[in-house]
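**Student:** Protein chains in written order, with UniProt numbering: chain E, 1 to 162; chain S, 1 to 806; chain G, 1 to 281.
Note that these hints are calculated values from the structure, not bench results. Keep in mind that the hints are not guaranteed to be accurate.
To be verified - Below, computed lysine-lysine pairings styled on DSSO-like, alpha-carbon distance capped at 27 Å:
1. S:Lys-671 - S:Lys-511
2. S:Lys-465 - S:Lys-162
3. S:Lys-317 - S:Lys-465
4. G:Lys-189 - S:Lys-162
5. S:Lys-257 - S:Lys-162
6. S:Lys-461 - S:Lys-795
7. S:Lys-795 - G:Lys-189
8. S:Lys-671 - S:Lys-317
9. G:Lys-189 - S:Lys-317
Okay, here's what each chain looks like letter by letter:
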Amino acid sequence: MMKISLTLNGKPVTVDVEPRTSLADLLRSPGCGCTSIHLGCEHGVCGACTILIDGRIARSCIALAVACDGAEVTTLEGLGEDELTTQLKDAFHCNHGLQCGFCTPGMLISAREVVARNPQLSEEELRTAMSGNICRCTGYTGIVAAVSAVAASRASSCTSES
Amino acid sequence: MAQSNLALSAQPGAQAYADAGDDAARFGPRGIGARLLRNEDARFLAGHGEYLADLNLYGTMEVAFFRSPIAHGRIRSIEIPEEVRSRVFLLSDLGDVRPVRAVLNAPGFRGSDFPPLADGVVRFVGEPIAMCIAPTRAEAEDIAQQIFVDFEELPVVTDMLKAADGSAPSIHDGWPDNVCFVSTPGNGDMAQAERAAVVTIERDLHMHRQCVVSLEGRGVLAHHDRRLDELVVYSSTQQPHIIRTVLAPLIGVEENKLRVVAPDVGGGFGVKNNLQAEEIAIAALARIVDHPVRWIEDRREHLTASPQAREHHYRMKLHADAQGRILGLESEVIVDAGAYSIWPWSCAMEANMSAGIMPGPYRMDAYRGRGITVMSNKPPLGPYRGVGRPGACFALERMMDELARAVGREPHEVRIDNMVLPGQMPFLTIAGKLYDSGDFPESVRRAAEMVDVPGVRAQQKDNGKDGLYIGLGWASYTEQTAHGTNEWLSRNLTEVFGYEAATARFTPDGKLILEVAIQNHGQGLETTLAQVAATELGVDPADVVVRHGDTAVSPYGLGTFASRSMVMAGGAVGRAAQMLAEKVKRIGAHFLQTTADKVTLEDGAVVHGPRRVPLSEVARAAFRHAQDLPPGEEPGLSVTTTFQPESGTGAFSYATHAVVVCVDANTGLVKILDYVIVHDCGTIVNPMIVDGQIQGGLAQGIGNALLEESPYDETGQPLASTFLDYLLPGFTEVPSARISHIVSPSPFTRYGIKGMGEGGAIGAPAAIVNAVNDALHGLGVEINETPVTPRRILKAIERAAKGDRP
Amino acid sequence: MKPAPFDYVRPRDLGEAVAALSEFEWGARVLAGGQSLVPMLNLRLSPVLRLVDISGLEELRGVEEDPEGVTFGACVRHGEFEDGQVPDPARGMMHHVAGRIAYRAVRNRGTIGGSLSLADPSADWITVVMALGASFVIRGAAGERRVAGSDMFLGPYSTALGEHDILAAIRVPKLGRSARWGYYKIIRKAGEYPMTTASVVLDPDRGRSSVVLGTVNRGPLEMARMAAGMQGAGTWSAQLEGNLREAIRLDLETAGRDQDSCEMKLCETTLLRAAQSALVQ
């Protein structure tokens, strides 16, 4: 066991972990309780476990918890007050961007990063930017519509500001 | 004539009603037909969905299965280190547990047992042999890694054609060969068709094996509830009641001491629509340990040991006249059903379904079908979105394109000429299915208009420039949904899934709860069933609680599969809500000093002219102040009832898909340029959700057509065990389809609803492969298998260049 | 799908890291971004006794630029190339390639050194650094040594790195002002491992041209005849294309690759498209 400290959703956490424990398994454990993290493949392809490590999106299933000692970690649970996340949630709801809900938390976190990084993407660029997240239910149409809608609203607000 | 038209009182045919306003008039503004946003979204968007792995029961031990590393062998011995022996459970450690035997009640069906853990012999790589328990999954896997099994290896069967022709050794004791069942649907005079035929098209086609891939794998958690003295089995399943019924006797528990709960389920698509060996094993284990036990399927297990799908081989012969009018169809489908028969469907489901639906939307005078189910040393085949129909559609629709080519006509025109006409509805097909309503040809005409056939043909003049080839592909199909009692009986299933049940009840504050036996895992049923109730009771659907997926919360029912929930549970909710509405009206009318026939239910109140009694008042009287009820009225506001469709073969949705692709002959990659779907599922309960189902099914169909394949080597080892080998369609591979609806309500269901969950997946493989063939035809290429991978395309181009015909 | 237990150390410097590796005859592995290694651990593909986590070592995160080239610490992440946080000695090529590696979430953690050390033959970086004439700084028990690109990659998952060596830095020479480059890969879906990759670098100022092919299950291949055929090429033409096809055929033949016709086609297409993109840039 090794002792590590994280800032999890803004709060300091110190825990003992086995070196082999993934960040996803640590955060999903009852002590941390972040069950918005879903494990869809455990080899870094499906994106359902996507979270933020030090502000950047990452796959928590292939990040070892011990290697994240000292990191600032944010899951969907920690983005309840985040304005962009709230906009995306609304847009997913309005555009039928989810069905079974399993991919949804990872999808929201990736979408947040895509929109924040560049809201002026074409649909093709947006699809490529989101391609690290798999949805098996929706066929993506509703998600693309949702992310595009939020991006468009931000792009227009960017334009009006400049 | 084999065809016949039944005289029925209902008005069939396409009754395309003008707009949603009509629905609003008939069903209320927030009832059936409204594009309502989903009630269930909030918890998922908050990350609060509660899936099996999220359950947090004190003392839960995690289970790792030790699975067979070989495809076929007899177990000589199992070595387990002494220090972990108490944490390893073999079949012999589980006490009285019986194997499941999934059979058809049909002469000639060969049965076999599927034990929850290997019983001396293993028959596929991934077959469970032992359970290892530990506080964490990692530790449980550590234990599994210490187990050593000595096998006597047995001959491995992986080639379905050898399994079918009897040249491979049998994998089940006492069987002469590996053929499990042969069905022979059909009718009409084939000799006459052959004689009359000007054109006969013959082809072999192949749809390779694939995995289902729900994003959440399967999973089971079981524990003994001491207070209630019952065994509670949480399972990521689509059908909790049915699982309870079959599980109880296998593990020696009475049904009233067994509760099965499906928590939030992260996608099913059929793979969670079976009794699973792991369900039996985990439930059996929970009886003999004093703590909860849980197994969560990981992705490698899902890709290699879950029930898999497809793997059909077709031998087709289509007889037609000079215009391409079909005279007769001969079709043989061989299905590699893997090592075991899955309960309740049996291993013969795929072949039987495919052979039964084969004639599709077309009229023909003779059909001779043959569905052959063979066993092999691969994981068992189970249901996957479409069940049999994607294969049947692929085979027949490929033939239709080849027929059109042979008679020198546009493929869509040949389809139109062969289709059942709206005036012939209801129409009994040559394979014995009763098509309820619809305008099949209109779906083709409209799709042709939308996709702009002349425009695509003009674009194709540039084919070959830069090695790029554009092609247009078609697929039309019928989607049997909400199969009724007769259908299941005719399939000789041991279970008959011909009805569904619901309870509609108010709470004393006047709020509505619906309790249903289906399981909602993405279909939006927490919204659409509320819309049905809103239609009958005038309540706000956003305010309706829908409880499902738990044997303890609803009347007995059969589950979510076969595109049945909206028709069946929707019908049951509609009936229950209507019966409840009558009582509410009587009580409300009593308050309003009028009679029940003079009041309506609107906006949460009983209304009579300008006066209204809120439902909370009605409920208050019904539950708490019986003295305020009309004389003779019973207290309480709860109705439980069932629904079954009037037609035993269910309601038939249908659609035409038209797709334009661009094939890069230098890479073998296929890009979808345009995808059009003209679809009819009768009365639409929620257009947003219907389009979401179509698009989602399409994505899976695209996977089937282009990407997804689970190959096995000759020793039975799976070659796709991660998402690096098993490619799923992503954002860039799935275009947004342009969808148009025809609305032909079913005369056989409540509200005219037809099921529609599977259609997107049925049409896409055929349409896309047809488009690839259309693109590359000029090179002499013909490809008749899925998925059409770059390798298959490049190989086909190369063969064609050498002058080899397929 | 959880890893078997292993020992984990986080050394304070590179010397300690090498020492931590050397304590095991075999089975100690270097952890950088972990984007390939951790999936392999999760799958229990091969036994790993110890992980030596170098991701936090500042000395491996540095970037030094001089007039001749740039030396990248091995733990510079793909995302830093993508976002232009580090200089690009290859006139945009490294930026271009980095932005197309797997997915953003992977690029945020995966490192150039980790990717090159693993030497997955279908990964993006190998053909690029070889075509750019990069060299490698390797730290081992015996100290530091430099290895040229052509000597670094011995085959699929096989490099000049010994069991106790750590790739410390990648030295990439600067391209001349008139240099051109092309990169192409064939992928079945966005972000997936390519079936084939090709890097083309034409640097007339330094009198150098290089073409490197990457394919699944085989080591990277320097396409000498094709590179020669590209030298001095001005614009894309049918004649050039014909010449290159022949050069490709001969290069593959010389390499003795028993490729089937389908692989051949994919290789040829990838190489030609990389070459074409270099010329039409």
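**Student:** Run every hint past the structure and note whether it holds.
**Tutor:** Hint check results:
no., hint, result
1, S:Lys-671 - S:Lys-511, "51 Å, violated"
2, S:Lys-465 - S:Lys-162, "43 Å, violated"
3, S:Lys-317 - S:Lys-465, "35 Å, violated"
4, G:Lys-189 - S:Lys-162, "34 Å, violated"
5, S:Lys-257 - S:Lys-162, "46 Å, violated"
6, S:Lys-461 - S:Lys-795, "24 Å, holds"
7, S:Lys-795 - G:Lys-189, "20 Å, holds"
8, S:Lys-671 - S:Lys-317, "31 Å, violated"
9, G:Lys-189 - S:Lys-317, "36 Å, violated"
In terms of the numbered hints stated before, the structure departs from hints 1, 2, 3, 4, 5, 8, 9, listed from lowest to highest.
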